[in-house]
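S.K.: One letter stands for each residue in the lines below.
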Amino acid sequence: MTPSRISRTLGPRPAVVLAGASSLALLVTGCGSQGAATTHVAFDWSAFTSSLFTPDHLILAGLFLTVVISVISQAIGVILGVFLALARMAKAAPIRWIASIYIWVFRGTPLLVQLVFFYFGVGAVHLFGWNPINVLGLQIPGAIQAGIFVLGANEGAYMSEIVRAGIISIDPGQMEAAKSLGMTYAQAMRRIVLPQAARVIIPPLGNEFNNMLKTTSLLFVLGIQELYETFVIKQGQNYLPFEMYLACALWFLLLTTIWGFIQARIERQFAKGAPGAPTSGPGLRQRLFGVRPAVEPSLVSGGR
Amino acid sequence: MTVQPHDLLAAIGGVPKPPTEVVIQATDVNKWFGRLHVLRDISMTVKRQEVVVVIGASGSGKTTFIRCVNHLEKIQSGRIFVNGHLIGYREVNGKLVEDKESNIAKQRQEIGMVFQRFNLFPHKTALENIIEAPLLVRKTPPAEATDMGKALLTRVGLAAKADVYPAQLSGGQQQRVAIARALAMKPALMLFDEPTSALDPEMIGEVLEVMKELAREGMTMIVVTHEMGFAREVADRVLMMDEGQIIEEGTPEHFFTNPQNERTKSFLSKIL
Numbered sequence: 000m001t002p003s004r005i006s007r008t009l010g011p012r013p014a015v016v017l018a019g020a021s022s023l024a025l026l027v028t029g030c031g032s033q034g035a036a037t038t039h040v041a042f043d044w045s046a047f048t049s050s051l052f053t054p055d056h057l058i059l060a061g062l063f064l065t066v067v068i069s070v071i072s073q074a075i076g077v078i079l080g081v082f083l084a085l086a087r088m089a090k091a092a093p094i095r096w097i098a099s100i101y102i103w104v105f106r107g108t109p110l111l112v113q114l115v116f117f118y119f120g121v122g123a124v125h126l127f128g129w130n131p132i133n134v135l136g137l138q139i140p141g142a143i144q145a146g147i148f149v150l151g152a153n154e155g156a157y158m159s160e161i162v163r164a165g166i167i168s169i170d171p172g173q174m175e176a177a178k179s180l181g182m183t184y185a186q187a188m189r190r191i192v193l194p195q196a197a198r199v200i201i202p203p204l205g206n207e208f209n210n211m212l213k214t215t216s217l218l219f220v221l222g223i224q225e226l227y228e229t230f231v232i233k234q235g236q237n238y239l240p241f242e243m244y245l246a247c248a249l250w251f252l253l254l255t256t257i258w259g260f261i262q263a264r265i266e267r268q269f270a271k272g273a274p275g276a277p278t279s280g281p282g283l284r285q286r287l288f289g290v291r292p293a294v295e296p297s298l299v300s301g302g303r
Numbered sequence: 000m001t002v003q004p005h006d007l008l009a010a011i012g013g014v015p016k017p018p019t020e021v022v023i024q025a026t027d028v029n030k031w032f033g034r035l036h037v038l039r040d041i042s043m044t045v046k047r048q049e050v051v052v053v054i055g056a057s058g059s060g061k062t063t064f065i066r067c068v069n070h071l072e073k074i075q076s077g078r079i080f081v082n083g084h085l086i087g088y089r090e091v092n093g094k095l096v097e098d099k100e101s102n103i104a105k106q107r108q109e110i111g112m113v114f115q116r117f118n119l120f121p122h123k124t125a126l127e128n129i130i131e132a133p134l135l136v137r138k139t140p141p142a143e144a145t146d147m148g149k150a151l152l153t154r155v156g157l158a159a160k161a162d163v164y165p166a167q168l169s170g171g172q173q174q175r176v177a178i179a180r181a182l183a184m185k186p187a188l189m190l191f192d193e194p195t196s197a198l199d200p201e202m203i204g205e206v207l208e209v210m211k212e213l214a215r216e217g218m219t220m221i222v223v224t225h226e227m228g229f230a231r232e233v234a235d236r237v238l239m240m241d242e243g244q245i246i247e248e249g250t251p252e253h254f255f256t257n258p259q260n261e262r263t264k265s266f267l268s269k270i271l
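Chains as they are written, first to last, in numbering that gives the first Met the number 0: chain A, 0 to 303; chain B, 0 to 271.
Hints are computed from structural coordinates only; laboratory data are not their basis. In this text, a Cβ means the ideal position worked out from N, Cα and C, and glycines have one as well. Some hints here could point you the wrong way.
[Stated by the list, open to error] Some but not every residue of chain B turned toward chain A, in silico, with C-beta under 10 Å: (1) L71; (2) Q75; (3) R116; (4) K123; (5) M184.
All chains, please: the whole structure from these sequences, using the hints.
M.R.: Written out as structure tokens, the structure reads:
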């Protein structure tokens with residue numbers, strides 16, 4: 000038997016596994032092999048743990064900013080997505096075209112480019128100044144406005160496809176029944192079709208928000224001190240990039256994990272009364288790791 | 000037909016009285032699906048409190064026709080009047096121009112429709128299904144709408160199911176809720192599009208009973224169905240459609256004893 004065949008049957012090569020394990024052990028014990036040539040070869044546990052368990056006000060502020068910007072941008076994205084989806088199904092062709100072009104542009108260009116274009120580019124030619132505005136006594140800097148605007152606008156393009164798929168999945172008979180009762184298209188959409196489409200929309204929407212939480216890290220290009228930029232600054236001050244970026248990653252992991260719990264709850268809530276809906280959504284284990292639980296026999300047997 | 004104030008329509012405050020004796024007047028209605036000519040010069044009238052049963056093979060245009068009556072389908076020529084109002088269109092220099100959406104919605108309030116596949120709103124309970132349109136469209140006060148909804152549910156024998164979602168109801172029960180839902184808008188006429196075709200045989204009876212009750216109480220109805228027993232019992236007239244045309248018209252007795260058209264005879268021999 001050739002070595003390659005052995006490795007195929009055994010999965011990862013033992014040598015690789017060994018190397019990985021030993022480097023991890025080195026890391027944990029703090030015995031770097033490079034010796035005393037550099038100042039910080041050892042893992043700085045105290046800087047690492049304190050940035051996780053006793054975060055200073057900078058980290059908390061960054062965390063707050065990341066969550067707030069994510070929530071607002073996602074909300075804008077959902078609302079925009081609903082209107083774009085409806086526009087793409089409109090009777091009037093020009094409305095469909097405008098929506099299609101919008102989606103084409105925002106999905107077809109990098110978010111990073113959109114961010115710098117709308118903040119620096121548009122700002123430079125004085126099309127829009129991005130001046131600070133006052134919302135309920137809170138000063139909102141232009142960069143944050145631009146960040147929320149672009150994230151929301153970008154998300155709207157993606158949400159529109161999700162919303163459209165949700166609307167299309169609803170039996171046309173629902174719209175007809177609503178219309179036959181004297182409802183207008185708008186009334187039927189709002190009261191009958193969209194609430195049902197929401198069940199279809201919510202799982203992918205949850206994934207979009209998971210993405211949004213992480214994507215806010217791109218806002219560093221606008222100089223916004225969200226979670227990622229905060230740790231960029233920190234590692235620049237304490238020269239601990241390994242510890243700081245690892246802590247940063249764990250903070251994001253915490254955010255997306257908490258969101259995973261919330262998402263599961265929301266999905267269960269929306270499944271109530273749905274025909275043939277399971278009593279629970281995918282479990283957390285499945286959500287995080289993609290592990291499918293064994294199918295319960297009670298769910299398989301159909302009939303009333 | 001004698002009209003007695005009875006349970007079903009009492010629940011919505013008696014028989015709605017349209018202003019004219021003729022409720023539906025259709026003249027020379029033509030409709031194409033692309034190049035397929037599905038309705039050919041359909042003309043018919045339905046008078047107040049009349050029950051008209053439309054029969055015919057699938058693809059004969061009977062369902063399409065009643066869907067045109069509340070403008071769920073467009074027509075390319077001809078006129079359909081309900082209570083004297085041109086349905087779905089305005090006439091501009093003799094040509095049909097589709098009416099404003101709000102006007103069409105208003106016209107549909109007068110026309111109840113029951114679908115083959117029930118089309119209940121799955122995210123709403125039986126009672127919510129019934130009161131949704133009265134609340135949203137007619138702006139009925141919630142307490143009043145709820146009382147009417149419960150009364151209607153009682154009349155169709157489902158008082159105990161008010162807070163149950165459609166998925167937990169049998170087909171027959173769903174269709175009875177759907178009838179109650181249509182009645183809650185106090186329509187002047189009811190359209191039934193093969194209301195029992197999607198039902199298991201043992202559930203057909205309970206739905207037909209509700210429809211017979213409605214007919215006896217004086218509701219104006221067009222019923223697309225293959226239930227000749229129902230036609231015999233309550234229909235004033237039967238229309239036989241074939242290839243988009245009305246090929247024979249008469250009393251149920253005429254169809255049972257003395258059908259003229261060959262295609263009618265062959266169709267009846269298959270379903271009776």
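S.K.: Which earlier hints can't be squared with this structure?
M.R.: Hint 2 is the one this structure does not satisfy, whereas the remaining hints hold.
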